[in-house]
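A.B. asks: Listed below, chain by chain, are the residues.
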Amino acid sequence: METQKLDVMPAPEVSAPAAGPGVMTGAAMLVESLKREGVDLMFGYPGGAVLPIYDALYESGIRHVLTRHEQGAVHAAEGYARVTGRPGVVLATSGPGATNLVTGIADAYMDSTPLVLFTGQVSTDLIGSDSFQEADIIGITMPITKHSYQVRDARDIPRVVREAFHIASTGRPGPVLIDIPKNVANQTAEFEWPERVFIRGYNPTYEPNPAQVARVVEAIREARRPLLYVGGGVVHSGAAEELREFAHKTGIPVVSTLMGLGAFPSADPLFVGMLGMHGTFAANRAVMECDLLIAVGARFDDRVTGKLERFSPRSKKVHIDIDPAEIGKNVPVELPLVGDVKRALAAMLPEVGPVGTKAWLDQIRAWDDQWPLRYKTEPGTLKPQQVVEMLWEATGGDAILTTEVGQHQMWAALFYKFKRPRQWVTSGGLGTMGYGFPAAMGAQLAKPGEKVICVAGDASFQMNMQELQTVAENGLPIKVAIINNGYLGMVRQWQQLFYDRRYAESRIGAPDFVRVAEAFGIRGMRAQTPEEAREAIREMLEHPGPVVVDFVVPEEENVFPMVPPGAGTDEMIGRWDD
Amino acid sequence: MRRVLSVLVNDQPGVLARVAGLFSRRGFNIESITVGNAEEAGLSRMTIVTSGDERTLEQVMKQLHKLVDVIKVNDLTEEPMVARELVLIKVTATATTRPEITHLIEPFRAAIVDVGRNSLVVQATGDMDKIDALIELLRPYGIKEIARTGVTALMRGSLAKVRV
Ligand SMILES: Cc1ncc(C[n+]2csc(CCOP(=O)(O)OP(=O)(O)O)c2C)c(N)n1
Ligand SMILES: [Mg+2]
Numbered sequence: 001m002e003t004q005k006l007d008v009m010p011a012p013e014v015s016a017p018a019a020g021p022g023v024m025t026g027a028a029m030l031v032e033s034l035k036r037e038g039v040d041l042m043f044g045y046p047g048g049a050v051l052p053i054y055d056a057l058y059e060s061g062i063r064h065v066l067t068r069h070e071q072g073a074v075h076a077a078e079g080y081a082r083v084t085g086r087p088g089v090v091l092a093t094s095g096p097g098a099t100n101l102v103t104g105i106a107d108a109y110m111d112s113t114p115l116v117l118f119t120g121q122v123s124t125d126l127i128g129s130d131s132f133q134e135a136d137i138i139g140i141t142m143p144i145t146k147h148s149y150q151v152r153d154a155r156d157i158p159r160v161v162r163e164a165f166h167i168a169s170t171g172r173p174g175p176v177l178i179d180i181p182k183n184v185a186n187q188t189a190e191f192e193w194p195e196r197v198f199i200r201g202y203n204p205t206y207e208p209n210p211a212q213v214a215r216v217v218e219a220i221r222e223a224r225r226p227l228l229y230v231g232g233g234v235v236h237s238g239a240a241e242e243l244r245e246f247a248h249k250t251g252i253p254v255v256s257t258l259m260g261l262g263a264f265p266s267a268d269p270l271f272v273g274m275l276g277m278h279g280t281f282a283a284n285r286a287v288m289e290c291d292l293l294i295a296v297g298a299r300f301d302d303r304v305t306g307k308l309e310r311f312s313p314r315s316k317k318v319h320i321d322i323d324p325a326e327i328g329k330n331v332p333v334e335l336p337l338v339g340d341v342k343r344a345l346a347a348m349l350p351e352v353g354p355v356g357t358k359a360w361l362d363q364i365r366a367w368d369d370q371w372p373l374r375y376k377t378e379p380g381t382l383k384p385q386q387v388v389e390m391l392w393e394a395t396g397g398d399a400i401l402t403t404e405v406g407q408h409q410m411w412a413a414l415f416y417k418f419k420r421p422r423q424w425v426t427s428g429g430l431g432t433m434g435y436g437f438p439a440a441m442g443a444q445l446a447k448p449g450e451k452v453i454c455v456a457g458d459a460s461f462q463m464n465m466q467e468l469q470t471v472a473e474n475g476l477p478i479k480v481a482i483i484n485n486g487y488l489g490m491v492r493q494w495q496q497l498f499y500d501r502r503y504a505e506s507r508i509g510a511p512d513f514v515r516v517a518e519a520f521g522i523r524g525m526r527a528q529t530p531e532e533a534r535e536a537i538r539e540m541l542e543h544p545g546p547v548v549v550d551f552v553v554p555e556e557e558n559v560f561p562m563v564p565p566g567a568g569t570d571e572m573i574g575r576w577d578d
Numbered sequence: 579m580r581r582v583l584s585v586l587v588n589d590q591p592g593v594l595a596r597v598a599g600l601f602s603r604r605g606f607n608i609e610s611i612t613v614g615n616a617e618e619a620g621l622s623r624m625t626i627v628t629s630g631d632e633r634t635l636e637q638v639m640k641q642l643h644k645l646v647d648v649i650k651v652n653d654l655t656e657e658p659m660v661a662r663e664l665v666l667i668k669v670t671a672t673a674t675t676r677p678e679i680t681h682l683i684e685p686f687r688a689a690i691v692d693v694g695r696n697s698l699v700v701q702a703t704g705d706m707d708k709i710d711a712l713i714e715l716l717r718p719y720g721i722k723e724i725a726r727t728g729v730t731a732l733m734r735g736s737l738a739k740v741r742v
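As you go down the protein sequences, you meet chains A and B in turn. Counted the way the working numbering counts, the first sequence spans residues 1 to 578. Counted the way the working numbering counts, the second sequence spans residues 579 to 742.
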């Protein structure tokens, strides 16, 4: 990066803040700035330090959804961001309000979800004195935000808000936090909206280097067994169409990460499946055997690679990513390509042709035929995989699916066949239980016309089920499908496989979810057999309002196949469902 | 291998915490770090001495670049650079050893900046090796305290080929 001339935004010399056009409080500036950023929906929870901001929001025309916990607000904003691609907006008070956001911020950071979060702060004269509801939220969130600001002068608010939205939504997206001391929210000054954003130290590379593009194109021409390994970056960059064209033009098969699901249609003949710890056998085998691995907006996460020394040993690696720091971080890469995934694919498209992958595709298909994804059914028993398959059938594969974290999440990933990007909303990098239900609220608010289903675990749902009240009040027609196995199923699975079935604290009780839903004025149902499940799903989808369905499934079902922790992706267990 | 990084940053509250935090949470090590105003108002220059292999260093630099408050990162290690450190050494000195020490430090162009009843404070600047050597030389006399600034560095001007 070369040093550029600093483009200083001249700070207006504000004299005595007389009443007049353009003079307003910091809080009013914040609301005005949000409007100029096109924000019409936000999530939050008030408290002392943000009273001035809430006052400015009152009758502002911006819809504010009051959640029942700040964690609900931040995950809802994530859900909103994931289905729209626009930053989700959150407002919370100082101290406990701010600290309640931390998990959601970390989650958004890990999954590159754009968020702009506002936290109240004690007045500047009290900062550092352990005053009431003071928490150093900037310090606490430094490692889990893309950037953060503490505003010390109200005149900075418009610029800071503008920069925050810009940083959150460009380059590799992520959460940006703005901490606003109460006296700054009350300070009056002239409102000055910066015409453009210029941040000297922030200049993400969008345009791929033509020389790098040419090298990748050359490698593709020479490859015999190329494989596209696609991740969430394809979704963020809006590159699904380019990816489809690219795969079809070249004939290169596609494996996807958990975060990448939907970026490439599951029903496409070139789609092999999800790779990694709970990927399909064929997908992981293809990674092992390919001679060119083209990572597109993916980051070689340890859940994907398994034991690094055994990861894709026969391939040359191409890595296309907008974040140069991801390239070579975990796996050495021969052919880096820094830039926006969409532009990179578009730049390569005219240069590539069919690679001649027929034998390679046949081989992959043979692996998949030999070890397909499957599960045993038993008459009268409702299997969790079956629930997901039924949901898929009943929705024609068109629903927006959010999930909690655990076995049910993996079954949802494996058995729902996604058609398009932004249809799949899950917590990948952080694996946050309690994410899916509030995320469904945000998704539904963003897409009122779509079916939004939260595939939940019985334990995860208990982490944020207070949001049933938010759902009820706002009339959000979310469908919650609880896969109830009476366990922290994923923990139990590991204990069964690697701790000799010693189920330490993984058996977990739950309230009667049907009656819980009803207590919130929400329709509740239960299904214990495949027949009941089919009927419940039909009713659930027909019902115009929110529904919670408790699907009672066997306790000891496992997610297979699986790469055991520390093993290579060629060491999968449970391939034959035995 | 020891590396010297020069990092131009916005002079913003918290920028040192951002940089130091990045090193610690990613398991990169800092041998020394110096910060001060840079040539342009509103900017500071940090000189960070770190160690690690090629790949670690590449990660360090890329991660530093990602910080919004970081304007520029340069690895000076392989470049012609001027790297200097200042040290203050409080060494035990009696009437008999005092002249000896004064004599001893002369080739280092060190100065005695404080004289106490039983001690001297020696000030020296130079690269790390020179400072290390001086400390070792004075150690037999009894070192009471040492304060080192850590290395600060700049790339040499393109014409300055001669090491001064
Ligand atoms: C906040 C949080 N705490 C703990 C965990 C560890 N964890 C991962 S999966 C899991 C079990 C989840 O149980 P449930 O929601 O019932 O889903 P299941 O695996 O049974 O489908 C736990 C405890 C986590 N991911 N997140
Ligand atoms: Mg469970």
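Since the hints were derived computationally from the structure, they do not count as laboratory data. Treat the hints with caution; some may be incorrect.
[To be verified] Computed spacing ranges between beta-carbons, pair by pair:
| # | chain 1 | residue 1 | chain 2 | residue 2 | range |
| --- | --- | --- | --- | --- | --- |
| 1 | A | Y58 | B | D589 | 37 to 45 Å |
| 2 | A | S131 | B | R633 | 24 to 32 Å |
| 3 | A | E450 | B | D589 | 25 to 33 Å |
[Said to hold, decoys possible] With a straight-line cut-off of 30 Å between C-alpha atoms, the simulated BS3-like cross-links for lysine-lysine are:
| # | chain 1 | residue 1 | chain 2 | residue 2 |
| --- | --- | --- | --- | --- |
| 4 | B | K640 | A | K35 |
| 5 | A | K419 | A | K35 |
| 6 | A | K329 | B | K668 |
| 7 | A | K419 | A | K451 |
| 8 | A | K249 | A | K358 |
| 9 | B | K640 | A | K307 |
| 10 | A | K383 | A | K358 |
| 11 | B | K722 | A | K316 |
| 12 | A | K376 | A | K316 |
| 13 | A | K316 | B | K708 |
| 14 | A | K376 | A | K447 |
| 15 | A | K329 | A | K307 |
| 16 | A | K417 | A | K376 |
| 17 | B | K640 | A | K329 |
| 18 | A | K383 | A | K329 |
| 19 | B | K708 | B | K668 |
| 20 | A | K383 | A | K419 |
| 21 | A | K307 | A | K451 |
| 22 | B | K640 | B | K722 |
| 23 | A | K329 | B | K708 |
| 24 | A | K249 | A | K417 |
| 25 | A | K316 | A | K383 |
| 26 | A | K316 | A | K249 |
| 27 | B | K644 | A | K307 |
[What the hints assert, rightly or not] Covered stretches of chain B (in silico footprint by chain A; criterion: 3 or more residues with CB under 8 Å from a CB of chain A, positions within the stretch not fixed):
| # | stretch |
| --- | --- |
| 28 | 629-640 |
| 29 | 668-675 |
| 30 | 693-699 |
Cβ coordinates follow ideal geometry from the N, Cα and C atoms, glycine included.
A.B. asks: Let me make sure I understand: some of the numbered hints might not hold for this structure. Which ones are they, in numerical order?
C.D. replies: Violated: hints 2, 3, 4, 5, 6, 10, 11, 12, 13, 14, 18, 21, 22, 23, 25, 29, 30.
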